[in-house]
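Asker: Dock chain one against chain two, each of which comes alone in its own frame, and use the hints as you go.
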Amino acid sequence: MIRRPIVLALAALGLGLLLAACQPAEVQVDVPVEFVMESERLDAVRARGQLVCGVNTSVPGFGFVDANGQNVGFDPDVCRAIAAAIFGDPAAVEFRPLTAAERFTALQTNEIDVLSRNTTWTMSRDVELGTDFGPTTFYDGQGMMVRADSGFSTLNDMGGATICVLAGTTTEANLADAFNTRGLEYEALVLDTGDATAAAYDEGRCDGLTSDKSQLAGLRTTMTSPDDHAILPETMSKEPLGPVWAHGDQQWGDMVRWVVWSLIVAEEKGITQANVADIAASDPQDPETRRVLGIEGEFGALLGLEPDFVVDVITAVGNYGEIYERHLGPAGTNIPREGTLNALWTDGGLIYAPPWR
Amino acid sequence: MARSPSRSLEPFWRDVRVLRVAGQIAFVLASLAVVAWLASNLSQALEARGLDLSFSFLRRTAGFAITQGPGMVRTDPYWKAFLVGLANSLSVILAGLVLTTLVGVLAGIALLSPNWLLRNASRTYVELVRNTPLLVQLFFIYFGVVLTMPSLQDRLELGPVILSQRGVWLPRPVPQEGYLIWLASVVGGLALGGWVYTRRERRRRLLGEETHPFLSALALIIGLPLLAWIVLPQPALRFEAAVLDGLRMVGGLRMTPEFFALLLGLVLYTGAFIADIVRAGILAVAHGQREAARSLGLSEGNVLRLVVLPQSMRVVIPPLVNQYLNLAKNSSLAFGIGYLDLYAVSQIIFNQSGQAVQVIALLMATYLAMSLLISFVMNWVNRRMAIPGR
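Top line first, the protein sequences correspond to chains A and B. First residue of the first sequence? That's 978 in the numbering used here, and the numbers climb one at a time after it. First residue of the second sequence? That's 115 in the numbering used here, and the numbers climb one at a time after it.
With the rest of the complex left out, here is chain B (with noise of 0.2 Å):
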């Protein structure tokens, strides 16, 4: 026998390997039993009302309209409905998502400020929102800032800008005759300007020459459009501004009420959690790294940009990752204060069809792919930022 003594002595149930295996058997098949059951429940009582789980309502007319974002009228199918939720989902999500990092990171970093304003400013805001419920923000951003602005007879004009309750409008740009020259030269000097950064910076480098690179292509990327603006016959665009009509405001650029609430919210309590990641990461650079910048002679604002911040994203970016995850989940809270986003749309269409399981399913799905984009593109920056060959 291979098998020493003591093994064959031990009864099977206390052979630890047995047990790891059974427990991991016995696992699975409650969790299967589980599902099972809430499968079989389900089906019974849909079978039982002559349901069943089709997607061809989607093709239905909706009935309802949306008056938010790319919008809908009552003749259009469910679908469309349906995808005008996800159109306001992304873009108040792909909006929070820049500008919450710009946020959490100038917090992250005033949380270190040698400065005693700026240091106790940053934590003030990062303690009193990371420590109160989103939802309550939300709901006080709306009821309590947004909507107690003036009505739109009193509305407030700073300039062309113009600020109510019923919305914040900027002027429209309106293309004139000649404006693909204008665009043109917009291209050339962003395209050009890229050109001369890259060659300036190589040679400041190789060479150690003071070539001024960022001045230099900013010089073309706002010089070039300039010139050919001065230069064109007449202004290659015409700025509109918004007038009052009736009861609304027609022509320019409207952010809703709801949209710049919800924004503000996210954007807000989101980058509270950012900053203290942002501030962990920094502390995580080894001091030595900061001092041996400060002795090449580095000034302070290099000294973060070119040395500390882009060891600390290696820190920062998992922790990152899941804060960014948050946001896009929690922009489903968005029906609190009336925007109309992938979930209020949702909730719309399955009181309105009554397909609860359907539209359900498909919104998990939706969530679920939109969460797992985020991932992707943020594992794969992840990796572009990871030191080589470690």
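Isolated chain A, as found in the complex (with noise of 0.2 Å):
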């Protein structure tokens, strides 16, 4: 008698266990996923055996289409660099170039895999839009460029002033907000390129022309005579710039964002383009160096990629100061790394990757 209700227990638990079974995944089930790292999309993208990466054409720089027509700049370099994570190729990428209207609409219908195309980070975009964001490549803030001879020192002395911006960014927006918290008026001309607008604040037509910092710097050298204008000191904005993605394939997102990372931990361990092959084939003492290459343990494969990708990535674009240095530096449009929050943390700045284990 005493058998009896442990058999029926028994029998009651064998049921519940087989109707647990039966019942499809609509149930959620706490018990932990094993994790195979499966990214429909990179799937995808291996299938077709090209990224495609939505970038700008027309801010030296950061996207650029040069004299061969083809895509350079910092934002194509991260394109570059995600393409030779995947295939080994930095040249696996067809690059779309997209208004900044147009881009996040390219996302949500699954037009690119990535966007790298100098989009600022903002809460409304990363949780209404579909889309998530990468690690933050470029530290940009919104500035004012005025005529040197205008008597403008700061925006305070700007009341009344008339303001040439760019269309279709958050530029606008912020110079509400940095006209409104100091209670001044000022008339906005809005237009829809940035050569129109620079075009009507050279000619005249507005007392000052506002944009990212990073393009004003490329813009000053456009102008009919660069050393006639200044750039003033505020700052209106936060504007970090990194990759996006559309929303929905985590995995997807986990490889890009440690693929950019991986040009941070190189410029870090100070692998470059010159010796990466060099230090990959010497056997190196430093556990985290070995990691990163991946002679020691499995981090390639817990992204889907190769255990050696970053040897791809950064023999193909080389680290994140090397990429900066070709398209922001001296040689190209000239902005300042030194000091600023683009630096590398060791050296003070925000640019840093997490623990590479």
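Careful: at least some of the hints might be erroneous.
[What the hints assert, rightly or not] Over 12 Å on every C-beta distance to chain B, these chain A residues come out as not near it, computed from the model:
| hint | residue |
| --- | --- |
| 1 | S1035 |
| 2 | V1042 |
| 3 | G1065 |
| 4 | D1066 |
| 5 | A1150 |
| 6 | K1246 |
| 7 | A1251 |
| 8 | D1260 |
| 9 | A1293 |
[To be verified] What follows is a list of derived Cβ distance ranges for each label pair:
| hint | chain 1 | residue 1 | chain 2 | residue 2 | range |
| --- | --- | --- | --- | --- | --- |
| 10 | A | G1160 | B | Q290 | 29 to 37 Å |
| 11 | A | A1278 | B | S168 | 42 to 50 Å |
| 12 | B | M369 | A | T1323 | 56 to 64 Å |
Don't read these hints as lab results, they were simulated from the structure. Backbone N, C-alpha and C fix where the C-beta goes; we use that ideal spot for every residue, glycine too.
Answerer: Quick look at the structure:
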């Protein structure tokens, strides 16, 4: 008689298990899922044989088409790094030129795999638009360019001024915020291309031209006489720029994120385009260098990539500092790095990668 | 069997009647399939990202300001920005329709002028403007003409009119005490003038008296307000010119360079097409009509005004409607030269809010409504112009 309840309980348990087994996936199971790194998009990209990357074609330094029709710049190089990580070939990228207005729609409709087009990370873009933002690759901020002889030394002198502004960016909203908080009136002239905005300012239609400071530096060089223009000290906004992808494929996001971080880690470890092959072959002693280059651990496999994908990435585009130097350094648009937020964290900047372990 | 033997021998796939219907069914099915495919594509992509297509975002704070036209501040909602864009579009379209008609009709008549200079000047204008892209013309007018005017500091003052690259300022009428009486005299003059005109015109037609209806009406319309202005103890309106205050002009009536450039571009471009339409319309009136009018002793101006133009209107109006619609739709090129019309504002809204699908749908619906309204009005005019009983 004592056995009976046990039998009943066992039977009930068995039945319950059976039912549970039959239940489709709608039931939330709290059992940890085994971490098999499978990204639908990664598979699709592999099958396609190419990464489709949305870029800018009109901002020197960040995304531009050179005389040979090549997409050059900081952002296209991030695309090349991702392609090198997946295929071992930085040329396996199809660049899709996008305007500021088109870029999110292109992600939402699966037109592109990654957007690398000086895009500011904002809360509503991150949460509402169905997009995810990667690590910040460039910390920018909005500034104001004025004529040197205008007598403006701060934004506070600019009450009643006419400001030229490029449409379709966070710039417009920041401009309204900046003048509102100072209680100043202004007149905005909103244009739809960077060239037209700069031309209207150069012709004297506006007292000031506002854009991200990185772009103002480049635009100043296109003015009739660059020395007649000055950039005011104020920074009106925070503009963290980085790669963006469609929300939903966590593994894809992880992969892009760690490829970007690999560029930063490489700079930190002194791994460059020139010495990466030698370091990988020379059996380095630094444990993190060993892990990053795939000599130790299974970090590549975790992302669904080759164990030594970082070697391919650095061979293809170099480390973060090298990419910066190539496009934004004195040879490029000449945006100083030292002492800014874009210096490596060891030099007091914000360029930082989580540990590779 | 009722059917003829030859018909029954024909297989159905060679029967013209079957083929016609089958062809149409296949076309409709194929069109539906394409639409359904596009729609499912869109809904799948949106669902995958968890996006919805509601219009509730329009009530949210826009966060940017518009300083053109009626304008809006940064705390206003998106829908207000949309309305500001609509108002800016409508003002340039309405002004454009009136002016382009004037330019087009004058240039069209000039194309047929016996005067060599006038005829060739008009022909040059039409060919030059009609054969270059509008966007290029707009850029040229804006960057090449309007923005090269003197700066605000070196502004050109032509009496009360101020010209500079920041805009054109006219003096603004400011109502003074007793202006209502003067306003009443203006309205009264118009009403009285209209009444006298119709009365005298009827007498002239029926009795053949030399009554000068137009001149007497004009005398009333101008004379009455003039009399009131003199009689009143002080002028009814004071004209206030714009003055420089720091970085900008205050007071006066301002036309922004962007509005001016867009209006000028649209008027000249559309006017060139209208000129040729008017020319064709005039030539379409039978030559005998003109000769008959002349033989009645009408002056050359009256031949055109009373006989030729009314008849050519019937030929002119249908293609004219097309040009009106083109002007309305071409106004969406405004963004290129910094005029915040409906299209420009919509671009800004959808980039700030990210709600591309809804904004584009709203934009298309608004332009469609605008175009249909213009067509509706012009069709009504066309019916009024048609020769009754034909």
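Asker: A separate judgement is required for each hint: does it hold in the structure or not?
Answerer: Okay, the hints, checked on the actual structure:
1. Non-interface call for S1035 (chain A) relative to chain B: holds, since the shortest CB-CB distance, roughly 15 Å, exceeds 12 Å.
2. For V1042 (chain A), the condition that its CB be more than 12 Å from all CB atoms of chain B holds, with the nearest at approximately 21 Å.
3. Every Cβ of chain B is farther than 12 Å from the Cβ of G1065 (chain A); the closest lies at roughly 30 Å, confirming the non-interface assignment.
4. With a closest Cβ-Cβ approach of about 29 Å to chain B, D1066 (chain A) is found to remain outside the 12 Å limit, as its non-interface label requires.
5. Not every beta carbon of chain B lies more than 12 Å from that of A1150 (chain A), the smallest distance being close to 4 Å; the non-interface claim is violated.
6. At roughly 37 Å, the least C-beta separation between K1246 (chain A) and chain B is larger than 12 Å, which holds for a residue marked as non-interface.
7. Chain B leaves A1251 (chain A) outside its interface by the beta-carbon criterion, the shortest separation being 42 Å against a cut-off of 12 Å.
8. The beta carbon of D1260 (chain A) is kept farther than 12 Å from every beta carbon of chain B, the shortest such distance being approximately 46 Å.
9. Here A1293 (chain A) stays apart from chain B, with its beta-carbon at least about 31 Å from theirs, past the 12 Å limit.
10. Between G1160 (chain A) and Q290 (chain B), the C-beta spacing of about 34 Å keeps the proposed range 29 to 37 Å intact.
11. At roughly 43 Å, the beta-carbon separation of A1278 (chain A) and S168 (chain B) lies within the given 42 to 50 Å, and the hint holds.
12. Between M369 (chain B) and T1323 (chain A), the C-beta spacing of about 58 Å keeps the proposed range 56 to 64 Å intact.
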